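So the sequences go chain by chain: A and B. Just so you know, UniProt numbering puts 426 at position 426 of the first sequence, and the rest follows in order with no gaps. Just so you know, UniProt numbering puts 268 at position 268 of the second sequence, and the rest follows in order with no gaps.
Quick caveat, the hints were computed from the structure, so don't treat them as lab data. All values derive from a computational prediction rather than experimental measurement. It is possible that some hints are incorrect.
[Said to hold, decoys possible] No more than 30 Å apart at the CA atoms, straight line, and that leaves these computed lysine-lysine pairs for DSSO-like:
(1) A:K472 x A:K437
(2) B:K158 x A:K439
(3) B:K158 x A:K120
(4) B:K158 x A:K268
(5) A:K342 x A:K472
(6) A:K437 x B:K59
(7) B:K59 x A:K26
(8) A:K472 x A:K345
(9) A:K497 x B:K59
(10) A:K198 x B:K219
(11) A:K443 x B:K158
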Amino acid sequence: MNKHSAAMASVSLIGLMLAAAPLQAKTLNIALNADIRSLDPGVNRDSNSDAVVLHMVEGLVAYGEDASVKPLLAEKVAVSKDELTYTFTLRDGVKFHNGKELTSVDVLWSWNRYMAEATKWRCRPDFAEGGASHVVAADAPDKKTVVFKLEQPNALFLATLARLDCGMTGILEKSSLNDDGSFKQPVGTGPFKYKEWKKGEFVDLEAFPEYSARAGEGRDGLTGSKRPLVETVHFPIIPDRSSAKAALLSGDVDVVPDVPYADIAEFKQNADLDVSLASNPGITAVLFQTRDPLLKDVRIRKAISMAIDTNALVDGITLGLGKANNSLVPATSKFHSAEQAKGYKFDPEAAKTLLQEAGYDGRPIKLIANTRYANTYDAAVMAQAMLQQAGINVEIEVLEWAAQLDRYQSGNYTAMTFPYSARFDPALTYDSVMGNKEKEPRKVWDDPEAQALLAENVRSSDPAKRQELFDKLHARFLASVPFLMLYNGLEASAFQKSVQNYQASIFSMPRAWEVSIAD
Amino acid sequence: MLRFVLSRIGMAVPTVILVSVLVFFLIRLIPGDPATLMLGDMADPASVAALRTSLGLDKDLLTQFVLWVSNVLRGDLGTSITTHESVTHLVLQRFQVSAGIVLVAVALSSLVAVPAGLVAALKQNSKLDLGLVTIAALLLSVPTFWLGLIILLVFGLKLGWLPVVGYVSIAEDPARGLLYVLMPIATLFLHEIGVLLRMARASALEVLRLDYITHARAKGLPESTVLWRHVFPNAFAPTWTLIGLVLGNMLGGIAVIETVFTIPGLGRLLVDAIFGRDYPVIQGCLLFIAVIYVLVNLIVDLCYPLFDPRVRMS
Chain A
1 MNKHSAAMAS VSLIGLMLAA APLQAKTLNI ALNADIRSLD PGVNRDSNSD AVVLHMVEGL
61 VAYGEDASVK PLLAEKVAVS KDELTYTFTL RDGVKFHNGK ELTSVDVLWS WNRYMAEATK
121 WRCRPDFAEG GASHVVAADA PDKKTVVFKL EQPNALFLAT LARLDCGMTG ILEKSSLNDD
181 GSFKQPVGTG PFKYKEWKKG EFVDLEAFPE YSARAGEGRD GLTGSKRPLV ETVHFPIIPD
241 RSSAKAALLS GDVDVVPDVP YADIAEFKQN ADLDVSLASN PGITAVLFQT RDPLLKDVRI
301 RKAISMAIDT NALVDGITLG LGKANNSLVP ATSKFHSAEQ AKGYKFDPEA AKTLLQEAGY
361 DGRPIKLIAN TRYANTYDAA VMAQAMLQQA GINVEIEVLE WAAQLDRYQS GNYTAMTFPY
421 SARFDPALTY DSVMGNKEKE PRKVWDDPEA QALLAENVRS SDPAKRQELF DKLHARFLAS
481 VPFLMLYNGL EASAFQKSVQ NYQASIFSMP RAWEVSIAD
Chain B
1 MLRFVLSRIG MAVPTVILVS VLVFFLIRLI PGDPATLMLG DMADPASVAA LRTSLGLDKD
61 LLTQFVLWVS NVLRGDLGTS ITTHESVTHL VLQRFQVSAG IVLVAVALSS LVAVPAGLVA
121 ALKQNSKLDL GLVTIAALLL SVPTFWLGLI ILLVFGLKLG WLPVVGYVSI AEDPARGLLY
181 VLMPIATLFL HEIGVLLRMA RASALEVLRL DYITHARAKG LPESTVLWRH VFPNAFAPTW
241 TLIGLVLGNM LGGIAVIETV FTIPGLGRLL VDAIFGRDYP VIQGCLLFIA VIYVLVNLIV
301 DLCYPLFDPR VRMS
């Protein structure tokens, strides 16, 4: 047997073993910190809703563990030379929860439903006329093929389809709707199917025994092998962190997906518990209002960047678990080059000199923070202490999250610590912060030249070209300091040792597939 | 009596109207927009505007208020912005959960605190009195969330006697349901004992100093007769009022306890709605709470003649 045959045989064997894994008559209890909003993918949703729904529905493509977009329901995706036509070939043998086989007709039906205004799909504007990924036609030439035609090339078309907040553009079967067209419950192709949702109490899913896992693949983010290995997944709603901790310690829940960093050391010492950490592309930043009379001066903003030791700050906030990253490209991204590793230079003395040059007279800077996202509050407190060392007077104003979000949207602030949710392509992250403040006051980086670089990046599908553009954007970001990028999100999950193969992910959502419970 | 009832209901009407007006406008004065919150930091202005329109938030405040009031008068409290459920259904469903816990807790604490207060008053300055007063002060000064967490840690975690999280309706499964509500009931029970015991003791002390009690004792009545026939009816009235207030307050939501013990009650619904700026749910909850408060106090007032002979006489 030559090496190639041996490798093929091994892969086949692994595939067979994976396919033959038994379904345990057990329940996996995963705590949710708030109730879900609905079961309709990408419609009335938040991160918990996405987490539950994405166990039941799947899209043509999905994010892998490295945040790159890979096929899921599609066997392959072919892109035309002009980058305007995307041809998806569907996998064989994929079934919906009602036993019906997935065909291109279902994909087209789901797409048309999403694109209907009445559905209120949150990602419709991205694909509708005027959107960056405007789809001018969607066809199903045969049972296994779906073709999307774009108005103009867009490197983010697949990345947008796969977005979690878009519900992964999950393919649904028609029976997901009531006779009047309203949404009933998801009948998808995912590894788990809907069982019960008792509002304010729990959501229960049950294994879909006929789930068609991608053959010969391991778990890979939201794609790869996604076999259900437990009979039921029970998501109890536990809003209080102390109660969630008590439930974990008592064994009433198996997994708490987001535990405070302060509890990690205790959990690690507990013989019954295990901990998993994952860095996600979400960003925590200190935003500046660049139209503020004081902060419009780039020298003041630069002085602030020099006065804050972001390494020490992140070390303090995450208790040594996280690492500072001054780039909008996450450290886990394939685009995080040596250029991206360059950051702010901590130099309080130089900061003082720069402040003198700028004529800073000690006027207080109001720094808004909230306590719902405790890390951003901690960041504000530490930044305040460091800035005061350099002679910058900072006053912290603590607001409730909704009030802060209001100020963010209207641009009515001087400075604020702010958590951005994760975008899995760096261009999407840049897009969330860049733009014209006249049109969108929430945008923090208003720089037409940088905007042009981003537009070019989005049009290009050549990784080398994209890298070059990301590097140029980063250099410009460091030079103009429109805001301070501190670090990427860090998800800390704790679980019972009896739970096998559970891992925190870059998606900040629990994953119950490929997870079993030891006897 | 009917006149009394009608006059009390008549007095309640302006209160409820005032509450509805205040709630409607005050909640909108708080910074924060439901559409922005629902769409999060990824929201573009066009999507926010579209969502605001679909939620009816783009209409002027007066129009929104008139629409809401006309619906309320038809018995419809509206639809939740976040879950798209009927607010009337949500409020009634969650109220049942809270009410069950609160009624049992208040009834139990009244049954324990009132006699204990009377005994403490009777034995004023004794070791028993000092012990009861100390316990009452201690229970009163401990925050309920902390007390709840301690109970959770001891009986749920350390001893493992009771489930730490979850909720099962007693109507569905009485045995299991009871296990889930024992700790929240115990927390409220202990806290309210502190409040009611002090009031019962203070009222009893006041009555014990009155001449007719001295007279009763001088007549040679046994101490138990003095206590139950002469002290209790006259001393219970203020405590009964307090029970009414406590009940009214707690029926309006025991948000902290519900959060600690993951009970899907009215308080948690209201708190979640405030954080999510779910205006129809906030308005519905607060209006319902106001009505409940008024009703409970009306019932308390109507029961007064049963306890206080002076009211009966008048």
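For each hint, the structure was consulted:
1. Distance restraint check for K472 of chain A and K437 of chain A: the Cα-Cα separation of roughly 22 Å lies within the 30 Å cut-off, and the hinted pair is therefore satisfied.
2. Pair hint K158 of chain B plus K439 of chain A does not hold up; C-alpha atoms about 57 Å apart against a cutoff of 30 Å.
3. As the CA atoms of K158 of chain B and K120 of chain A are separated by approximately 48 Å, the hinted pair breaks the 30 Å bound.
4. Under the criterion of a C-alpha separation no larger than 30 Å, the hint pairing K158 of chain B with K268 of chain A is consistent with the structure, at around 19 Å.
5. A hinted pair counts as satisfied when its Cα atoms are at most 30 Å apart, and K342 of chain A with K472 of chain A qualifies at roughly 12 Å.
6. Between K437 of chain A and K59 of chain B the CA atoms are separated by roughly 26 Å; this keeps the pair inside 30 Å, and the hint holds.
7. As the CA atoms of K59 of chain B and K26 of chain A are separated by approximately 51 Å, the hinted pair breaks the 30 Å bound.
8. Under the criterion of a C-alpha separation no larger than 30 Å, the hint pairing K472 of chain A with K345 of chain A is consistent with the structure, at around 18 Å.
9. Taking the CA atoms of K497 of chain A and K59 of chain B, the gap is about 54 Å. The hint is violated against a cut of 30 Å.
10. Between K198 of chain A and K219 of chain B, the direct Cα distance comes to roughly 64 Å. Violation of the 30 Å bound is thereby established for this hinted pair.
11. Between K443 of chain A and K158 of chain B the CA atoms are separated by roughly 50 Å; this puts the pair beyond 30 Å, and the hint is violated.
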